[in-house]
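Engineer: Chain by chain, the residues:
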Amino acid sequence: MRYNRIIRTVWTMERRQFFKTLAGSSLLLGANAGTFLCDLFAFQDTANLSRVEARYYKKLPDREIECQLCPRNCKLGDKERGYCGVRENIGGTYYTLVYGKACTANVDPIEKKPFFHFLPGSKAFSIATAGCNLNCKFCQNWQISQVRAEQVRPLDLPPQDVVVNALSYKCPSISYTYTEPIVYFEYMYDTAIQARTKGIKNCVVTAGHIHREPLLDLIKVVDAIKIDLKSFSQDFYTNYVRGELQPVLEAIKTVHQSKVWLELVYLVIPTLNDDVEGIREMSQWIRKEIGPDVPLHFSRFQPMYLVQNLPPTPVSTLEKAHDIALGEGLHYVYIGNVPGHRAESTFCPRCQNVIIERVGFELNRIDLDGGKCKFCHNPIPGIWA
Amino acid sequence: MNESRVAAIRGKGVINQAGELSQLKVAEMIRRGLKILTGSPNADDGFGQIFARNDRVGIKISTIGGRKISSRPEVSLTLADLLVKSGLHERNIIIWDRTNRELKEAGYRLSSSSNGLKVFGTDMDGAGYETELVSHLNIGSLFSTIQTNFVTASISLAILKDHGLAGVTAGMKNYFGSIHNPNKYHDSHCNPFVAELFDTALIKRKHKLSILDGLVVQYHRGPSYHAQWAEACGVLVFSRDPVAADSVGWQMIEKLRAKKGLPSLQEDKREPAYLMTAEKMGLGRAGADQIQIIEDEV
Chain A
1 MRYNRIIRTV WTMERRQFFK TLAGSSLLLG ANAGTFLCDL FAFQDTANLS
51 RVEARYYKKL PDREIECQLC PRNCKLGDKE RGYCGVRENI GGTYYTLVYG
101 KACTANVDPI EKKPFFHFLP GSKAFSIATA GCNLNCKFCQ NWQISQVRAE
151 QVRPLDLPPQ DVVVNALSYK CPSISYTYTE PIVYFEYMYD TAIQARTKGI
201 KNCVVTAGHI HREPLLDLIK VVDAIKIDLK SFSQDFYTNY VRGELQPVLE
251 AIKTVHQSKV WLELVYLVIP TLNDDVEGIR EMSQWIRKEI GPDVPLHFSR
301 FQPMYLVQNL PPTPVSTLEK AHDIALGEGL HYVYIGNVPG HRAESTFCPR
351 CQNVIIERVG FELNRIDLDG GKCKFCHNPI PGIWA
Chain B
1 MNESRVAAIR GKGVINQAGE LSQLKVAEMI RRGLKILTGS PNADDGFGQI
51 FARNDRVGIK ISTIGGRKIS SRPEVSLTLA DLLVKSGLHE RNIIIWDRTN
101 RELKEAGYRL SSSSNGLKVF GTDMDGAGYE TELVSHLNIG SLFSTIQTNF
151 VTASISLAIL KDHGLAGVTA GMKNYFGSIH NPNKYHDSHC NPFVAELFDT
201 ALIKRKHKLS ILDGLVVQYH RGPSYHAQWA EACGVLVFSR DPVAADSVGW
251 QMIEKLRAKK GLPSLQEDKR EPAYLMTAEK MGLGRAGADQ IQIIEDEV
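Chains as they are written, first to last, in this note's numbering: chain A, 1 to 385; chain B, 1 to 298.
Pulled out of the complex, with its shape left as it was, chain B reads as follows (with noise of 0.2 Å):
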């Protein structure tokens, strides 16, 4: 069996001495790492292999953590911009999460154009949750419509986190924000809750790409932002290995802790275990020896 391919790409002067992000260094990490990822040629191919034309594409974000720590719209937007340049219809992508609130708390415009780029949170007038109630395993939860009903293919862009709960927070547990009732998924470590979330049809056979955004990776007390266990990594982490990309994210924390001095995760008895699940469940690959990372700098 093949190894989960993870490309790993730093941008070398992606956030100025203000911390400030640059769109262009952001769109040739991203660039990069498609191309990486796919073994095409240019991005565009790469996204090809990805999406289809037709597909409508959902760039799931996690906006919990106000601007100072979310999906950063200077990552979303470049990458729907990328998406569109590649031959998806601009009025066939979304930038989503829960609320209207949290997105513009995290610096982001609202739109729901019905020609254009669609950006917006399930409250928004005329979204909402499902009616039917989707029961899987210890799953039990309201989908999101934009999920259910829009999405075709979907990006999880996520931050990447430190987690009191679950150890971290990436890619997969940012599907908790496609449902009505993340807050029931949060006992034992929110193990095995993500993996079997991430196990519904409605995630599962949509999911087509992880970009885990550690460009400033909070590695220490969180989900929440506390500057002095913040890093300025620089890094966007690419997959289409959901589980492989959330590894590969959990020791990029790790490395930062053990550099900071701190115990590890599973020293502070909060290691990711639903990773081992989703393993398990065959979701994806959590050995690091399956799983094969490419870095790169731009």
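One chain only, chain A, in its complex shape (with noise of 0.2 Å):
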């Protein structure tokens, strides 16, 4: 399948001749030292950010305000930014600067989120914007992720052009994804209620790092949600997340017991989360919590943003963490980003044929009726059509 990317990622970088210009000029110094100030002159602003009043915050004494978004629960006085980089405290009161503001937008097959039970083969139109309230060192898009709203260059895509942009790439769903939807979440909340308007559905490829307030809101305009669960240990969300565990934990929970659909991601990375004992503990754990029927993707790593000088996750060790998950009970277990592979595919549990065939992105083939597998007939979860 192809996908068209109709909106670049703008990025407001790589200047070096502006300063090798002004640091090589040899003219001299003017007669007027000293008089610096009356000979300046201003710029316009050019920054592209928005002033939405955010949710989900407190307002304090004194012009302060407590984020209630996401357990960092950020207190910032007047003029500072959350560690989101993407919300502001203006006179006491929290502002989304990137609402509307999307720094990039592509028509994705849904297979890329990951999302595997979900609208198989389909397309989904697939928007983010600038932030996210973690600082994963693996982090892949962090280009667009880790930097401040007006370090991108953003295009005005309110919600309804959203949904207007989804309905002419004929995709049957919106995604909310590349860097951490929750900072964004009014304009995602906004889009998902248009969006449903419409017929369309609404999925969101999140780190889980919310307060269950907002998710439990999120939850009633949506209809599925990958959660990266990245450890299962609090080490490594302190070390190499920035974040908490538990919070993650307890929205995986809280997706489950919606009627959201939930898939998992887990990235495996040499020598960070790779461990047996952990994979096997986050198996049972999901096995008891969740239950055996959630998709589970072991992803493979590529060296990306400050962990270079790890290599490229050996297949064997994600063959093992697949096959040590199911050996714990669960169902459908895949492993991600090795294209071609088998796990890529998904196999009915009961009668072991394969259902859904994929390559990559691609669907070759699918042997589902109403929801059963062709050959058995037994049900296989998920939101189909």
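The set of hints was computed from the structure by calculation and includes no laboratory data.
This structure is a prediction, so every number in the text was calculated from the model and none was measured.
Backbone N, C-alpha and C fix where the C-beta goes; we use that ideal spot for every residue, glycine too.
Just to be clear, a hint being listed does not mean it is correct.
Among chain B residues calculated to face chain A with C-beta under 8 Å, some are [stated by the list, open to error]:
no., residue
1, Gly140
2, Asn183
3, His226
Using the hints, put the two standalone chains together into the complex.
Structural biologist: This is the structure we're talking about:
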């Protein structure tokens, strides 16, 4: 399947030549040294930021606020920016700076998210804004997630325009993805509501580092959520993610208890989170708390961002993790970022036949009939249409 | 080992009753500070000890606080003027911070003149951030091209403020404004991030002088401006030791807090631990017994 990149991510960097020009000037010092102030002039502001009041925050005395969107609970004085870099206290009111300001928008195969049990073979109109409430050292999209709102040059794409684009590209879903959608909660939420009125589904790709109240509101308006479980160790979350594990586990349970479709991804990083016992413990937790039917994707790591000293994950490591999870009773365990691997496909847990055959983001065939295995009629959980 | 020298210069009448600054008095304070700091007979020689004639000097200011509590134009422009008078080329001096918007809100007018003084933010068209990450200890950031490409010698001209997370924000933390992601370094009281950022070669090798603007000090509820907790102290602090300068600034804030009946930063569980980290990393001296403070008044 091909996908169109309709809007380029624009990143305002790489400006070395400017300074070479300035520094190389041979003009002499002006005669009016000491009168700098009156010689100077003003430029126009160019940052394209929104100023829409944020949700989930508390006003405090002395123009301070406390953000209640994610477990960081950033407490900010006037003019200060949250950890996410895209929400700012201006005079005691908290604002999102990225409402309707998409830094990237693409038409992607849904398998890229990855969602394997949600509208397989379909396209998702996929958007993101700048910002993230974590700082994973292995971030694959750090150029847009680990920057502040003004460090990208966004497209003005208000909720209604996102929906119009999804319709025009014949996408049955809108995906909030690439960076961390939680930090653009208001934009995502309002878009999701408008999308539903047009029969378009909504899927969220998140790290799940969110408070319960906003998550409960979110699951009322979306159809599928994929949560990146980065590790099953708080030490890993402290040192490599800069976040908390427990709220993520709580978010997974909350989504599972709702009607929203849930999938989990675990990026396996050599030496950092690939220990057998950790993966076994996580698989047992998933089996016990969520049940055997949640799809679990073990994804292959590629050296990126601040972890460039490690090799890509050996396929054998992924296969070991895969086997552990299956051995602990999970039914739908996948291997990702290894195009052509057999574990990209969906197997019926009863008859063991391949029921959805994938190669990379391509679908070769789907042997489902009304959400059941075509061979043995075993119901396969998911949102199939 | 010699003590680190810090000059704290009080300007008598530097702020008038209307809250306006006397630039003449500021110039006098800077000249006196440089003389004391360097032991030179005059400020020009003092600057000459610190900067080479062909240096491109970056005056990194802090403008997040708006007009009320940012590095003041009256100070930075006067400093630039004195640098020029000491023999540096005007075109080789830049006053800078993160964004043009913040600079303007703090009272600056912008200039990108090729042959004159430059005043602009990293977001200036043509500037921006490097595309190569600098990864050092817990730091992973893109640096402003102003710091990487233009500046060969750096002055941190920071406003001295209480800080709800770091305890104190002064000359070292001012360099948070030279990277693209300072919001990622406010966990655990900004420690060890302030020290580790300073320890990057792009800062440590270029930093030559710390000047703390303590003309009006926000001693409580910072870093935002709150008139009821801002004291007109009329002081500028100078040091070539970035840790010692900030340590003296910290003690100024503690004295003000004690005078106003506020708990100390230690009692508030937010003493600036990054200073101790910086000392351990060999970036300077934080202990009072290792700092020679020379106070003077002009």
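Engineer: Which of the listed hints are broken here?
Structural biologist: Those not satisfied: there are none.
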